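Which chain is which? The protein sequence lines are A and B, in order. The opening position of the first sequence corresponds to residue 3 in my numbering, with each subsequent residue numbered one higher. The opening position of the second sequence corresponds to residue 3 in my numbering, with each subsequent residue numbered one higher.
The hints are simulated quantities; they were obtained by calculation from the structure and are not laboratory data. Every value quoted in this text rests on a predicted model; they were computed, and no experiment measured them. A hint or two may mislead.
Pairs count within a copy or across copies, as identical chains cannot be separated in the list.
Claimed, not checked - With a cut-off of at most 35 Å between alpha-carbon atoms, the simulated DSBU-like pairs for lysine-lysine come out as follows:
| no. | residue 1 | residue 2 |
| --- | --- | --- |
| 1 | Lys98 | Lys13 |
| 2 | Lys157 | Lys77 |
| 3 | Lys13 | Lys120 |
| 4 | Lys120 | Lys62 |
| 5 | Lys4 | Lys98 |
| 6 | Lys77 | Lys20 |
| 7 | Lys77 | Lys179 |
| 8 | Lys98 | Lys157 |
| 9 | Lys185 | Lys98 |
| 10 | Lys13 | Lys77 |
Here's the letter readout for the chains.
There are 2 protein chains.
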Amino acid sequence: MKTIYFVTSNKGKLLEAKEKLSAIDIEVVQRNIGYLEPQVDTLEEVALFGVEDVQRRFDKPFFLEDAGLFIDSLKGFPGVYSAYVFRTIGCNGILKLLDNIDERKAVFRSVIAYKAPKVDPMFFIGECRGRIFTNELGDNGFGFDPIFIPDGDTKTFAQMDVNGKNRFSHRSKSLEKLMDYFKDFNDLS
Amino acid sequence: MKTIYFVTSNKGKLLEAKEKLSAIDIEVVQRNIGYLEPQVDTLEEVALFGVEDVQRRFDKPFFLEDAGLFIDSLKGFPGVYSAYVFRTIGCNGILKLLDNIDERKAVFRSVIAYKAPKVDPMFFIGECRGRIFTNELGDNGFGFDPIFIPDGDTKTFAQMDVNGKNRFSHRSKSLEKLMDYFKDFNDLS
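The whole structure should be built from the sequences, with the hints applied where relevant.
Now the structure itself:
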């Protein structure tokens, strides 16, 4: 079994990645060494900045992931600042902002940046479209999972177990692209 | 008349600084060269990071300023992300978040970081306490000015002209501390 490192402080993300990559015999090991995230408008820019920061301090194959919830009628808010917005106004704040608003379309986006010592950074993007429900449902997952229902289902992410969420989720899709890359190139060097 | 440079893209902030510093015969000149702002929890960290970025590219005396609106009942939201939050959910979003909430205390904070070639970075902090009104009033100022009433007045910042706002404002206070520093040391070297 090969090992790659996931630079994250988020146990929920770690669980989702371990679950996925175990299928191709790769062990995901957490490295909670942090990195600076800039105030920029796209997840891609945050991830690139993170890779450049981490690679100066860590010389094994690693990936990091930045994700956000982009709500159409709120001009993409909370977007790249989803973690901060969750810590402050939370799911309840988002529901208040959408009070009496019929247009509730949203997309969860995930950007994985992967870097191995002899390889340029690679980016893998996953999206899950859906809508913001009118109240919080479910206890699983983390972040805005209790208010997000993916297209093609009637449950929120927080009402699904990790396998259920992985059938839909943005991070599941970006992880699958990372897995495809490993299958093709297998360069955990 | 001496000159110092204000690294900002914000014409409203520039106007407030020009108005203040003209009183001590200092001309404030805009330098719109940008700097990277990290996703961190305090204005002080953002400002320090900005100074370190700018000083690598600019060798004249300069200052930059980061400000934010911190709302007590929203755990400090929108805080260091005030500019982004204004661009997305705006004043109206803040009013929705505070709908039916009686506790409306808030503080505008301003942190100025000043750097001259032979001097270590200096920080000057200004605060203006007040409350979030129930709707938008006034056309002056910028950002969240139409919904913020400073303690000791009944008008929003946006109902005041630049002189009126400067009697109260957070940025006025940090600018005054910067001016005190110039009076004492006068090291625009």
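So, going through the hints one by one against the coordinates:
no., hint, in the structure
1, Lys98 - Lys13, "both (28 Å within a copy, 32 Å between copies)"
2, Lys157 - Lys77, "both (25 Å within a copy, 30 Å between copies)"
3, Lys13 - Lys120, "within (28 Å within a copy, 46 Å between copies)"
4, Lys120 - Lys62, "within (10 Å within a copy, 41 Å between copies)"
5, Lys4 - Lys98, "neither (46 Å within a copy, 50 Å between copies)"
6, Lys77 - Lys20, "both (33 Å within a copy, 33 Å between copies)"
7, Lys77 - Lys179, "within (28 Å within a copy, 37 Å between copies)"
8, Lys98 - Lys157, "both (20 Å within a copy, 27 Å between copies)"
9, Lys185 - Lys98, "neither (44 Å within a copy, 49 Å between copies)"
10, Lys13 - Lys77, "both (29 Å within a copy, 24 Å between copies)"
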